[in-house]
Amino acid sequence: KAGVTQTPRYLIKTRGQQVTLSCSPISGHRSVSWYQQTPGQGLQFLFEYFSETQRNKGNFPGRFSGRQFSNSRSEMNVSTLELGDSALYLCASSLNRQENNNSPLHFGNGTRLTVT
Amino acid sequence: GENVEQHPSTLSVQEGDSAVIKCTYSDSASNYFPWYKQELGKGPQLIIDIRSNVGEKKDQRIAVTLNKTAKHFSLHITETQPEDSAVYFCAPRQFTGGGNKLTFGTGTQLKVEL
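Top to bottom, those sequences are chains A and B.
Just so we're aligned, residue -4 is where the first sequence starts under our numbering, counting upward by one.
Just so we're aligned, residue 363 is where the second sequence starts under our numbering, counting upward by one.
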């Protein structure tokens, strides 16, 4: 079974631009979560989607947004990029056979975003 | 929300020695305790987990122990090998409800020296 796939692996953008990152979860997984990883702040939760609906949101500004498609694939978007948005963005999928029962997270290898 | 502390932040051991990493949490409702391993250039991978109805779980060279009263759990790695070198994270949470909004510990950089 293929793992969680994130594209692209690396991305360089300029301040003020916007960026879209993509995540394909493990087949059959219904939940997709996004995390930001930086040396200073560690791993921080961005948001989670389940059955195309956002059901959890972290403490990030509105410039960070996401969505999930009917095939469970997910995208996250960051608008008006700032230097501080430089980070590794990780996507994780989870089976969650029943909506309220949490399952282990399976992470992709991330997208490394550099903002100059 | 959950407050998670992890110690030590860095750990250097000789190959063959044991390593122990401790995770302390604040939310008494937490009942699921996983450990993740992140190798360079990769995402975190679940290596072992435990539910609150169990005090200890072992899988070959790794084990997790839980002290629910004191609200901490630990990762034990025995007979360490160079491939154990990585960053380890804990992420305690509730097994039911709350979704997958995890609070991760700050990570422990383990270095196994030859």
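These are computed hints drawn from the structure, not numbers from a lab.
Keep in mind that this is a model prediction, so the values were computed, not measured.
No residue lacks a Cβ here, since even glycine has one placed at the ideal position from N, Cα and C.
One or more of the hints may lead you astray.
[Claimed, not checked] Some, not all, of what chain B presents toward chain A, calculated at C-beta under 8 Å:
1) Pro406
2) Gln407
3) Ile424
4) Ala425
5) Phe451
[What the hints assert, rightly or not] The calculated lysine-lysine pairs, modelled on DSBU-like cross-linking and capped at a C-alpha distance of 30 Å, are:
6) B:Lys419 to A:Lys8
7) B:Lys419 to B:Lys399
8) A:Lys52 to B:Lys420
[To be verified] If the Cβ cut is set under 7 Å, some of the chain A residues that face chain B in the computed set are:
9) Ser22
10) Ser26
11) Ser28
12) Gly35
13) Leu38
14) Phe40
15) Glu43
16) Asn51
17) Leu85
18) Pro99
19) Asn104
20) Gly105
21) Arg107
Okay, the hints, checked on the actual structure:
Checking Pro406 of chain B against chain A by beta carbon gives a least distance of about 5 Å; that is within 8 Å, so the hint holds. At about 7 Å, the closest approach between the beta carbon of Gln407 of chain B and any beta carbon in chain A falls short of 8 Å, and the interface hint on this residue holds. A least Cβ separation of about 15 Å between Ile424 of chain B and chain A goes past the 8 Å threshold, and the interface hint is therefore violated. Taking 8 Å as the C-beta cut-off, the interface hint given for Ala425 of chain B is violated, the closest approach to chain A being about 18 Å.
Of the supplied interface hints, the one on Phe451 of chain B holds, with its beta-carbon coming within about 7 Å of a beta-carbon of chain A, less than 8 Å. Of the pairs offered as hints, the one joining Lys419 of chain B and Lys8 of chain A is violated, with about 45 Å between alpha carbons and a cut-off of 30 Å exceeded. A hinted pair counts as satisfied when its Cα atoms are at most 30 Å apart, and Lys419 of chain B with Lys399 of chain B qualifies at roughly 17 Å. In summary, the hint linking Lys52 of chain A to Lys420 of chain B is not supported, as the alpha carbons are separated by about 34 Å, beyond the 30 Å threshold.
Look at Ser22 of chain A: its Cβ only gets to about 18 Å from chain B, farther than 7 Å, so that hint breaks. Nearest Cβ of chain B to the Cβ of Ser26 of chain A: about 6 Å, under the 7 Å cut. The hint holds. With a cut of 7 Å, the hint placing Ser28 of chain A at the interface with chain B holds, because the nearest CB-to-CB distance is about 5 Å. Interface restraint check for Gly35 of chain A: the shortest CB-CB distance to chain B comes to about 10 Å, outside 7 Å, so the restraint is violated.
The closest approach between the C-beta of Leu38 of chain A and any C-beta of chain B is roughly 4 Å, which is under the 7 Å cut-off, so the hint is satisfied. Interface restraint check for Phe40 of chain A: the shortest CB-CB distance to chain B comes to about 5 Å, inside 7 Å, so the restraint holds. About 5 Å separates the beta-carbon of Glu43 of chain A from the nearest beta-carbon of chain B, less than 7 Å, and the hint is met. A distance limit of 7 Å between C-beta atoms decides the matter here; for Asn51 of chain A the minimum to chain B is near 4 Å, and the interface restraint holds.
Checking Leu85 of chain A against chain B by beta carbon gives a least distance of about 5 Å; that is within 7 Å, so the hint holds. Given the 7 Å rule on beta carbons, the hint for Pro99 of chain A holds: about 5 Å separates it from the nearest Cβ of chain B. With a least beta-carbon distance of about 5 Å to chain B, the hint placing Asn104 of chain A at the interface is held under the 7 Å criterion. For Gly105 of chain A, the interface hint holds, since its Cβ comes within 7 Å of a Cβ in chain B; the closest pair sits about 5 Å apart.
Evaluation of the Arg107 of chain A hint against chain B yields a violated restraint, the C-beta minimum of about 9 Å exceeding 7 Å.
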